[in-house]
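Novice: First to last, the protein sequences are chains L and R.
Mapping to the numbering used here: the first sequence position 101 is 101, numbers consecutive.
With the second sequence counted from 1, adding 384 to any position gets you the numbering used here.
Read the hints as simulated data drawn from the structure, not as lab findings.
Take the hints with a grain of salt, since some may be wrong.
With the C-beta cut set under 7 Å, the calculated list includes, among others, these residues of chain L facing chain R [as the list claims (entries may be wrong)]:
no., residue
1, N2
2, R6
3, S224
4, T225
5, P226
6, A230
7, D381
The calculated label-pair distances, taken between Cβ atoms and stated as ranges, are [stated by the list, open to error]:
no., chain 1, residue 1, chain 2, residue 2, range
8, L, M323, R, T514, 28 to 38 Å
9, L, V35, R, P475, 23 to 33 Å
10, R, A616, L, F246, 52 to 62 Å
Here are the simulated DSBU-like cross-link-like pairs (lysine-lysine), alpha carbons at most 30 Å apart as the crow flies [unchecked claim]:
no., chain 1, residue 1, chain 2, residue 2
11, L, K49, L, K379
12, L, K17, L, K104
13, L, K49, L, K94
14, L, K379, R, K608
15, L, K147, R, K398
16, L, K212, L, K17
17, L, K377, L, K17
18, R, K461, R, K398
19, L, K212, L, K379
20, L, K377, R, K520
21, L, K104, L, K94
22, R, K461, L, K212
23, L, K147, L, K212
24, L, K49, L, K147
25, L, K17, R, K398
26, L, K377, R, K461
27, L, K49, R, K398
28, R, K608, L, K212
29, L, K377, L, K212
30, R, K520, L, K17
From the three backbone atoms N, C-alpha and C, an ideal C-beta is built for every residue, glycine too.
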Amino acid sequence: MNFSWRRARSVALKEYKHILRDPFTLAVTLILPLVFVGMFGFVIDLDYKHMRVYVRDNDQTSVSRRFLQEMASSGYFDLTPVHSPAEADQALEKNGSPALLIIKRGFGRNVRSGNPETPGQIQLLADGTDNVQASIMGTYLQGVIQKANAVFARDNPELSGGAERAPNGGDQIRSRFLFNPELNSRWFIVPALSTIIIGFLAIVLTALTVAKEWENGSMELLLSTPVRPAEIVLGKLVPYFLLTFFDVLVVFVLAVYVFRIPFLGSFLFYMAACWVYITGALALGLVISVVTRQQQAAIQFAFAVGLLPSFIFSGFIFPIENMPAFFQYFTALFPQRWFLLISRTVFLSDAAPMTLATAFGAIGLFAAAMILLAVHKFKTDVEP
Amino acid sequence: MPAVRAQVHQVSKKMGRAQALWQVEDVFGAGQVHGIIGPNGAGKTTLIRVLAGLLHPDEGTVSYDEGGTVLSAADVKRVTGYFPQEPSLYPDLTCREHLEFFRDLYDLPQADFERRAEELLHATGMAPFTDRPAGKLSGGMYKKLGLMCVLLNRPKLLLLDEPTIGVDPVSRQELWDLVYGFAGEQMTVIVSTSYMDEAGRCSQVHVLSSGQMLAAGTPEDVMKHFGVTDFAEIFLNHERK
């Protein structure tokens with residue numbers, strides 16, 4: 001018996017009818033992307049703004065006041081003045097006050113002198129329990145200082161002798177961030193959302209299908225007919241492929257038209273990558289389903305190999321470059337890592353597709369391996 | 385083409401720790417209605433599944449021939465129809481959708497399908513319910529739909545695992561009438577049942593108990609062999625021993 005397109009098509013058609021008549025699956029598939037985009041696009045914002053900082057200005061000069069003005073106008077800090085050491089201590093002990101900034105006495109005098117030996121001194125006491133915010137605060141403050149120096153030098157050329165004499169003025173590093181000039185975290189997160197949605201949803205969808213057929217007994221009837229594993233696998237892939245691809249398009253449209261994230265790469269290349277990645281994820285779900293034959297076990301496996309790697313091993317949250325060497329290699333096993341790379345790159349840069357050949361090859365290899373595994377592991381009998 | 389004959393030779397099969405079948409030796413002659421009777425746990429389902437090729441014997445062999453020509457495993461699948469005991473249809477698909485699904489699985493030409501579907505719907509009295517989902521059918525109608533699906537392919541060997549279980553007496557009668565209506569020179573039917581009163585309806589009875597084939601033959605011969613007037617007595621006596 002050879003592969004029959006007609007049988008594969010009939011399985012696909014049957015599956016399509018199941019989807020249309022199962023409001024739960026349909027709702028999950030259509031709502032989940034919106035929930036993810038809403039949650040990650042709007043709620044989670046890695047850009048820290050309006051961080052509350054208490055300020056004790058021991059200098060009280062026009063220079064220190066000008067510095068604080070610069071700091072406040074940056075938009076990153078909300079400044080609250082404190083007027084005594086006791087008040088400063090109280091502020092630090094209060095919950096929810098991430099930092100205290102102390103401007104040392106003589107700040108204005110030292111800045112005016114322009115002598116690198118005796119610079120103006122500022123102390124920042126930051127709450128290290130939120131290490132991310134504390135370090136970001138430090139970085140932002142550096143930026144504010146740099147800017148304040150430049151402004152001071154511009155406004156007082158007679159004192160500083162031009163920008164060259166400002167502290168570090170001689171050899172400044174001028175950073176320009178390519179592809180995401182404002183380092184907007186939304187630009188970083190939203191293009192990656194398709195990776196998570198496909199990596200989770202597609203796996204769960206197909207993980208349930210074959211297991212469901214085993215549980216409700218229909219697989220036994222199906223296996224007694226001439227239908228072959230490859231036909232069932234293909235028939236099950238196609239309708240879920242279309243469903244997941246629809247989700248990808250929804251995320252794409254929201255990213256470009258709602259979040260205004262630029263899409264600079266090749267659309268066709270991105271679509272091709274989506275198709276390959278979706279196929280691999282769906283086939284992985286089928287492998288889980290074929291092996292477990294139980295919906296509950298299948299869903300647990302799907303969570304373990306779908307959701308967790310999507311978040312942890314893809315680079316979505318934790319940069320892969322910061323992982324120990326072993327885990328850097330380990331993440332290469334997960335297609336989520338490669339698709340995420342493709343997705344972020346084609347959204348924010350017009351890199352030539354050839355530069356992503358390795359990533360594309362990896363997701364292609366994964367998809368092919370999963371399809372073969374699903375067909376190979378598909379049992380044609382009811383042996384336990 | 386004639387019906388298929390199946391021969392079971394010294395078949396043993398363990399399911400988990402239980403010895404479901406033990407050295408079963410039997411022949412299911414072509415074109416007859418065979419009843420495998422036995423109490424629950426006798427090994428009926430295991431034997432039917434082995435005959436359907438869905439379980440593989442630990443020991444022994446099963447062979448099939450069609451008018452003296454030995455059939456390959458692929459051929460057997462092509463000419464066998466099997467309807468399991470457990471519910472196995474799709475609750476959300478209608479009767480017509482089930483028939484169309486099986487039409488494609490069996491690769492039937494549309495003209496043949498239409499003729500056969502009409503014939504089956506008429507014979508089963510299911511014509512008014514073609515648009516009803518399988519999940520909303522009564523027990524008897526559900527079994528009839530299952531039977532229709534496997535009969536679409538005009539199998540030469542029809543395997544039915546307890547088709548009348550959980551079905552009211554009127555529907556049971558209808559199902560048996562259907563089976564007899566289709567059985568004949570073109571089709572061998574093997575039905576398992578735990579209803580002893582149904583044994584008398586079969587042309588050949590195969591008595592299975594605790595995984596062993598105790599006897600086989602016409603209902604009269606089998607009862608004479610055990611010296612009983614009722615099939616239930618066979619198992620009661622066997623249990624006592």
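Novice: What are the numbers of the hints that this structure violates, sorted from low to high?
Specialist: 1, 6, 8, 11, 12, 14, 15, 20, 23, 25, 27, 28
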